[in-house]
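Using the hints provided, position chain Z relative to the given structure of chain B.
There are 2 protein chains.
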Amino acid sequence: MKNEKVNRTVEDSNAGFYNAFESLSIEKMEQVWKHSDDITCIHPGWEMFTSWTAVRESWITIFQNTRSIKFYVTNIKVKAFDNIAIVVCLENINSGIDEHNSFKMGVFATNVFEKQSFNDDDHAWLMVHHHGSTVANYMIPNISDI
Amino acid sequence: MKNEKVNRTVEDSNAGFYNAFESLSIEKMEQVWKHSDDITCIHPGWEMFTSWTAVRESWITIFQNTRSIKFYVTNIKVKAFDNIAIVVCLENINSGIDEHNSFKMGVFATNVFEKQSFNDDDHAWLMVHHHGSTVANYMIPNISDI
Chain B
165 MKNEKVNRTV EDSNAGFYNA FESLSIEKME QVWKHSDDIT CIHPGWEMFT
215 SWTAVRESWI TIFQNTRSIK FYVTNIKVKA FDNIAIVVCL ENINSGIDEH
265 NSFKMGVFAT NVFEKQSFND DDHAWLMVHH HGSTVANYMI PNISDI
Chain Z
165 MKNEKVNRTV EDSNAGFYNA FESLSIEKME QVWKHSDDIT CIHPGWEMFT
215 SWTAVRESWI TIFQNTRSIK FYVTNIKVKA FDNIAIVVCL ENINSGIDEH
265 NSFKMGVFAT NVFEKQSFND DDHAWLMVHH HGSTVANYMI PNISDI
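From first to last, the protein sequence lines stand for chains B and Z.
Under our numbering, think of the first position of the first sequence as 165, with each following residue one higher.
Under our numbering, think of the first position of the second sequence as 165, with each following residue one higher.
To be clear, the hints were calculated from the coordinates, so they are not data collected in a lab.
Please note that a few of the clues may not be correct.
For chains that are exact copies, the list does not tell them apart, and a pair is met inside one copy or across any two.
Said to hold, decoys possible - Calculated pairs, BS3-like style, for lysine-lysine (alpha carbon to alpha carbon, straight line, at most 27 Å):
1) Lys192 <-> Lys268
2) Lys198 <-> Lys243
3) Lys198 <-> Lys279
4) Lys243 <-> Lys166
5) Lys166 <-> Lys279
6) Lys166 <-> Lys198
7) Lys198 <-> Lys234
8) Lys169 <-> Lys198
9) Lys234 <-> Lys268
10) Lys243 <-> Lys192
11) Lys279 <-> Lys243
12) Lys243 <-> Lys169
13) Lys268 <-> Lys241
14) Lys241 <-> Lys198
15) Lys169 <-> Lys279
16) Lys279 <-> Lys241
Isolated chain B, as found in the complex (with noise of 0.2 Å):
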């Protein structure tokens, strides 16, 4: 019962990853994760990112080139222990480039959350690691709203 809980929170915290960067908000993103050095962030064929410092500036610059994305995200399978907690899901995604095109893609991701906690009751599952990579043979899934 106690882990159901804890795979619910951390799953919540999965989702609000998602919002951020749905949002294109760098306000956003910056509460989805933790801002230390020894943060790593691997964006679909990109470089490896190390620190908050690089990572931020990598959302800025997606978000820059992003003009609307959403993500329908299935497949998803928490492993949650005391203090660290992993997700890996597929992320559906459907970017626009302008106002008539847009693109859809499959990407595998691998997020990490570690808990902070605050006081006693008080405490949130901070992202510490993302690694995206794009599915070769994505088949889109039969959903509507993607």
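Chain Z only, in chain B's frame:
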């Protein structure tokens, strides 16, 4: 000091994974992984495999289609907790196709290990997740042995 020791043990397990990969031996790979239903594996440009049965099959397929493979692993970052550890690294790979031809490639990897305790003094870190993705603009490092 304790943390350093744990990090070294996890790094050893990570090296053990690449040794098993280089050996192209399914028996050695079997010793690296946790044999459970909730493990996951994402090889570059392939499907996500879930459960030891499926992950094992994927390794057999890879080993049957690989003549030789050598890893030079760099950029290793370890995050170790009580029972779980995450290793992020860059695999510099030299893979032989036939007697005369080989190719070099870079793969970013997220490797997750779970601590399996047998008794108070005896434990092993077993792989529960591997996520590998090809580096798009890979620059081969100036290392003679890859």
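> Looking back at the hints listed earlier, which ones does the structure fail to meet?
Replying inline: none
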